[in-house]
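**Student:** The chain contents come next:
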Amino acid sequence: MYSQGLIGTNTETEESEEFLAAFQARIDREEKIEANDPMPEAYRKTLIRQIGQHAHSEIVGMLPEGNWITRAPTLRRKLALLAKVQDEGGHGLYLYSAAETLGISREQMTEELLTGKAKYSSIFNYPTPSWADMGAIGWLVDGAAIMNQVPLCRCSFGPYARAMVRICKEESFHQRQGYELMSVLAKGAPEQKQMAQDALNRWWWPSLMMFGPYDSDSSHSDQNMEWKIKRFSNDELRQKFVDATVPQAELIGLTMPDPDLKWNPDRNKGQGGYDIGEIDWSEFWRVVKGGGPMNRDRIAARTKAWEDGAWVREAALAHADKRRARRAAAQEAAE
Amino acid sequence: MKPAAALADALITLGDDHLILGHRLSQWCGHAPMLEEDLSMPNMALDMLGQARNLYTYAGGLENKGRNEDDLAYLRTDREYKNCLLVERPNGDFAHTMLRQLYFAAFMHPFWQAATTSADDKIQGFAEKAVKEIAYHIRHAGEWVIRLGDGTEESAQRMGEAVIALHGYTDELFSTTDTMQICIEANLLPDPERLRDQWDQTIEQVFAEAFLTIPEIPFPQEGGRDGRHTEDFGHLLSELQYMQRTYPGMTW
Ligand SMILES: [Fe+2]
Ligand SMILES: [Fe+2]
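Keeping their order, the protein sequence lines are chains R and V.
All letters in the first sequence, in the order written, are residues 1 to 335 by this note's numbering.
All letters in the second sequence, in the order written, are residues 1 to 252 by this note's numbering.
All the given hints hold, so there is nothing to weed out.
Going by beta-carbon spacing under 7 Å, a handful of chain V positions derived as facing chain R:
#1 Gly30
#2 Leu148
#3 Glu239
#4 Trp252
In silico lysine to aspartate or glutamate, DMTMM-like type, Cα no more than 25 Å apart, as pairs:
#5 R:Lys193 <-> V:Asp70
#6 R:Lys322 <-> V:Glu204
#7 R:Lys304 <-> V:Glu153
#8 V:Lys129 <-> R:Asp87
#9 R:Lys322 <-> V:Asp93
#10 R:Lys322 <-> V:Glu143
#11 R:Lys187 <-> V:Asp70
#12 V:Lys132 <-> R:Asp87
#13 R:Lys322 <-> V:Glu36
#14 R:Lys187 <-> V:Asp71
#15 R:Lys322 <-> V:Glu209
#16 R:Lys322 <-> V:Asp150
#17 R:Lys304 <-> V:Asp232
#18 R:Lys262 <-> R:Asp217
#19 R:Lys322 <-> V:Glu153
#20 R:Lys304 <-> V:Glu36
#21 R:Lys193 <-> V:Glu239
#22 R:Lys304 <-> V:Glu154
#23 R:Lys322 <-> V:Glu161
#24 R:Lys193 <-> V:Asp71
No lab work stands behind these hints, which were simulated from the structure alone.
We put the CB at the ideal spot given by N, CA and C, even for glycine.
With the rest of the complex left out, here is chain R (with noise of 0.2 Å):
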């Protein structure tokens, strides 16, 4: 997903100047660059890495909405979810074969995944002990992902843009539909409304985090903007969702977790726009880093049907060639 997926990267290059003034002004004159066009290594690189962290980020992200699939309250909810959650792979899908253009393979990005050396959105390192944690996610976490990935729907690099197009249309139905779960909540009964509120208060900090860092502590995006992958900082963005966020909280009755929140008409260039309280960075470093509450179960669980999987995907891959024999003898027996 994300901003977040640009930590520490390294945009070095060693291309030569020309190359890299023609390739600059390819960008600046918005032309889309494909996959076979020549771009500096550190773009290929920033690209196979972003969009591999935001298909691994999907579906990793299969996992905590999953865990309520068979307990889903209603057959409606049931089916929504399910299908939502499948969405979620597809995107994965998309995107990895976006980034399978750049010249890595999807075996190779998922290696990467289980190792730990790719990283994908520390927002799915939180549990869902709740069923209004897939009201809290839709609304929220969909809704945080869709600040971030309308901008990419105009990233320079085209296969990107173009899976991005197909992807924020469903993730903004994602959105909607987890909102009007909450909202049904929230105009429950006392427990469900409870329920909601204690979903909003865990997920509410943790959605801010994944614009990641604020602009003025994080080191690496000039060249992305410059390059057209990045169009807004992480603080632009997150303003942006605070603003369209706030009042959605209100007109359910429920409370967004920062006693600091107010409105402050002198934000957005004096449109106005909310103020919010510090955000704890320590926390988000610590998921980051490993220390989340599900970063190990994550990944086991990846690991596991990765595995568990491996007889499976050795099978088909036996089949096809069994039966490719078959017919190259069929065909020689013939001529």
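Starting from the known structure of chain R, arrange chain V with the ligands on it as the hints suggest.
**Tutor:** This is chain V with the ligands only, laid out in the frame that chain R set:
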């Protein structure tokens, strides 16, 4: 028994088959052997659950006791669920899951085909939609049974074990309840016994390509149609019903 009440009861039984199999398939979501299967298995689960909703909703209206789809899906006791035992069998490995799907789909495909000429318009409508969906299940699960049966040594062994484990549950697909009998006589639902040839044909075809043999089953397992379930079923229900039982009477 009035025909409407008999039909309601028979449709609930059919709905139970679909709900429980859909639930089982959905347990794979996020844990499949490959990403493509993380899309295909939910697809099949969505088909199953969608059909369950249609069946329950229609049955609820017919029986006229004020039960909606969720009351039927979530608020009965184990003995009141009449699904066949096959669909409640645990997922096991991927070979078991695909074979269970093939067995069920190979039965439901001719069932829905025959139901397109039901004397009941609603059932005709369900059947027309379902017959297309279930054809995909036969194809998808059948291809996997072939790939695994004719894949590696390990996959062939696992596929063979799945056949031994599950084949004994297939006979129950062809059994009927009293209310089904009433519906069969009124030409509302097809007679399962008449679908056996088509089922045999599908399975024989797939097994031939998969190098699998159909085992002799001296003691077929049944009981689900009578509400007598396996031990795993109670655990399935405790998960399925958790929210409805913990927070009764709420809107979600
Ligand atoms: Fe997604
Ligand atoms: Fe989403």
